[in-house]
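Student: Given the structure of chain X, go ahead and fit chain D onto it with the hints provided.
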Amino acid sequence: MRWLLHILLPILAIFLQSTFFSSYSIKGAVPDLLLLLVIFFSLLGPRKQAPLYGFCCGLFEDLYMGRFIGLNAISKAITAFLLSHLQQNVFKENILVGMMAVFIGTVLNSGMVLLLSLFKFNGIHWDDSLFMTIIFQTLYNALLSGPLYIWYYNSSHYGVLRETEVR
Amino acid sequence: MFKLLRSKFLWLILLILLSAVGLMIFGASGYTEGKNFGPLQVVYAPLHRAAAGITNGFNNFASIFSNKKALQAQVAQMQQQLDALQMENQSLKEYKSEAERLQKLLAFRDTNISTMQLQAAHVIARSPNNWYKNVSIDRGSQDGMAKGMPVICPEGLVGRVTYVTAHSAQVTLITDREIAVGAILEKDRETNGIVEGFGNNTELRMQNIPFYSQIQVYDVIVTSDLSQTYPKGIPIGTVTEVVKEPGGLLLKASLKPAVDFDRLEEVLVIMSYHPQQIPQQ
Chain X
3 MRWLLHILLP ILAIFLQSTF FSSYSIKGAV PDLLLLLVIF FSLLGPRKQA PLYGFCCGLF
63 EDLYMGRFIG LNAISKAITA FLLSHLQQNV FKENILVGMM AVFIGTVLNS GMVLLLSLFK
123 FNGIHWDDSL FMTIIFQTLY NALLSGPLYI WYYNSSHYGV LRETEVR
Chain D
-3 MFKLLRSKFL WLILLILLSA VGLMIFGASG YTEGKNFGPL QVVYAPLHRA AAGITNGFNN
57 FASIFSNKKA LQAQVAQMQQ QLDALQMENQ SLKEYKSEAE RLQKLLAFRD TNISTMQLQA
117 AHVIARSPNN WYKNVSIDRG SQDGMAKGMP VICPEGLVGR VTYVTAHSAQ VTLITDREIA
177 VGAILEKDRE TNGIVEGFGN NTELRMQNIP FYSQIQVYDV IVTSDLSQTY PKGIPIGTVT
237 EVVKEPGGLL LKASLKPAVD FDRLEEVLVI MSYHPQQIPQ Q
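Sequences listed follow chains X and D, in order.
First residue of the first sequence: 3, per the working numbering; consecutive thereafter.
First residue of the second sequence: -3, per the working numbering; consecutive thereafter.
Hints are computed from structural coordinates only; laboratory data are not their basis.
Think of the CB as a built atom: it goes at the ideal place given N, C-alpha and C, for glycine as much as any other residue.
Check before you lean on any hint, since a few could be wrong.
What the hints assert, rightly or not - Result set (DMTMM-like, lysine to aspartate or glutamate): computed pairs, CA atoms no more than 25 Å apart in a straight line:
(1) D:Lys240 <-> D:Asp134
(2) X:Lys29 <-> D:Glu237
(3) X:Lys29 <-> D:Glu174
To be verified - Part of the chain X face toward chain D, derived, beta carbon under 8 Å:
(4) Thr21
(5) Ser24
(6) Leu54
(7) Phe83
(8) Gln139
(9) Gly161
(10) Glu165
Unchecked claim - Distance windows between CB atoms, simulated:
(11) X:Arg164 <-> D:Gln224: 54 to 64 Å
(12) X:Tyr160 <-> D:Gln70: 50 to 60 Å
(13) D:Thr51 <-> X:Asn96: 31 to 41 Å
(14) D:Glu241 <-> X:Arg4: 33 to 43 Å
(15) D:Leu88 <-> X:Phe133: 39 to 49 Å
Only chain X is shown next, with the shape it has when bound in the complex (with noise of 0.2 Å):
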């Protein structure tokens, strides 16, 4: 059941992403569900498995848009990486510990896209739009993170999403 929610979450948030969120963008930018559910699962999943789900859910998002396959991947499965070392030395169960790892992870996650971009556009155009798109997304997804932290950690802890006990 905990698989399996795990892999309906990706599914369900990239829906979200490509009509209601699209919708409703601030400045031009969306919020990144797929990101915030790899974070949660590097906070709260277990360590050794978050690079696999970053790179399972940053593929699917590739295999979706059918361009540049492996940015994403690549992208989420370090950014999943880096964020799992934290899982041993944070207070959790704090809210605000939820959102500043989804704000240092979407500036990661973004820092990573555009450099790895540099493969496929031969130069990026730096300019004004372009950081204040990455602000605005990280703004967006840090908000988000709030209500969804409570849920995912209660999930992880007390819910659907709790890991069963090795005996």
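Tutor: Chain D alone, transformed into the frame defined by chain X:
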């Protein structure tokens, strides 16, 4: 060191990294360009169509109550405009038939937007991330859609069809980083340039404008007849700023797109336009 090498976690990370880099190089090589990654779009298309229907229905229903007075005033104003346009339409019909007679007389054939076959489509989904600018429409190969078809709306150029499934298609917008459009200045039809998107739905950039060009702010930019992908004369945007390139030999301009891409709901796909093929050397 040996302990580290025995760690399954390390090998898992290396495997993920290698697969990701492999995929990326494979993607960047251009092999995947134009290939149809339809299965995911096929699965999502009915969901997108249903969601678009619900959203549009809700918006229409809500607007009845919120804008009743404004709508009544708008209806009255539109009725006046309709009367005036009907008069104008009548005289234009006269001109059109006269132009057709003269064209036949001169055996002159032109590629004009009014002679093309258009297919209307609804926008059912948009790009789920900020890096790509595209929309999904509710028409696919079963409705005659094909890759490369230009997409317009009454305001101007929207983009072109890049992926097609049976019942839906993906349209890459001209604001996307991978799209470039050959363009000219509408007023003098001499100034050529290339309009490029840079991932911002409210701004475009026109490059390679000769330094002697008469381009000014508020000038309208349209597609050029040198473009291989789009029919000529479709509005692209209005000039908002003109600056000199660092070398001083060329100018570049910022444009405000003619189309409001954030509110795009219906588009027209030009079905009968076949871009000229450049012969391979």
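Student: Next, verify each hint and record whether it holds.
Tutor: Status of each hint after checking the structure:
Of the supplied pair hints, the one linking Lys240 of chain D and Asp134 of chain D is violated, its CA atoms being roughly 42 Å apart against a limit of 25 Å. Among the hinted pairs, Lys29 of chain X with Glu237 of chain D is consistent with the structure: their alpha-carbon atoms are about 21 Å apart, no more than 25 Å. Of the pairs offered as hints, the one joining Lys29 of chain X and Glu174 of chain D holds, with about 21 Å between alpha carbons and a cut-off of 25 Å not exceeded. Interface hint at Thr21 of chain X: satisfied, since its Cβ lies 4 Å from the closest Cβ of chain D, which is below the 8 Å cut-off.
A least Cβ separation of about 4 Å between Ser24 of chain X and chain D falls short of the 8 Å threshold, and the interface hint therefore holds. Interface hint status for Leu54 of chain X: upheld, as the beta-carbon distance to the closest one in chain D is roughly 6 Å, under 8 Å. For Phe83 of chain X, the suggested interface contact is upheld, since its CB lies about 6 Å from the closest CB of chain D, less than 8 Å. Look at Gln139 of chain X: its Cβ gets to within about 6 Å of chain D, closer than 8 Å, so that hint holds up.
Checking Gly161 of chain X against chain D by beta carbon gives a least distance of about 26 Å; that is not within 8 Å, so the hint is violated. With a cut of 8 Å, the hint placing Glu165 of chain X at the interface with chain D is violated, because the nearest CB-to-CB distance is about 17 Å. Roughly 58 Å separates the CB atoms of Arg164 of chain X and Gln224 of chain D, a value that falls within the hinted 54 to 64 Å. For Tyr160 of chain X and Gln70 of chain D, the Cβ-Cβ distance of about 54 Å falls inside the hinted range of 50 to 60 Å, so the restraint holds.
Look at Thr51 of chain D against Asn96 of chain X: about 36 Å separates their beta carbons, and that is inside 31 to 41 Å. Restraint check, Glu241 of chain D to Arg4 of chain X: a C-beta distance of roughly 57 Å breaks the suggested window 33 to 43 Å. Evaluation of the 39 to 49 Å hint for Leu88 of chain D and Phe133 of chain X yields a pass: the beta carbon distance comes to about 47 Å.
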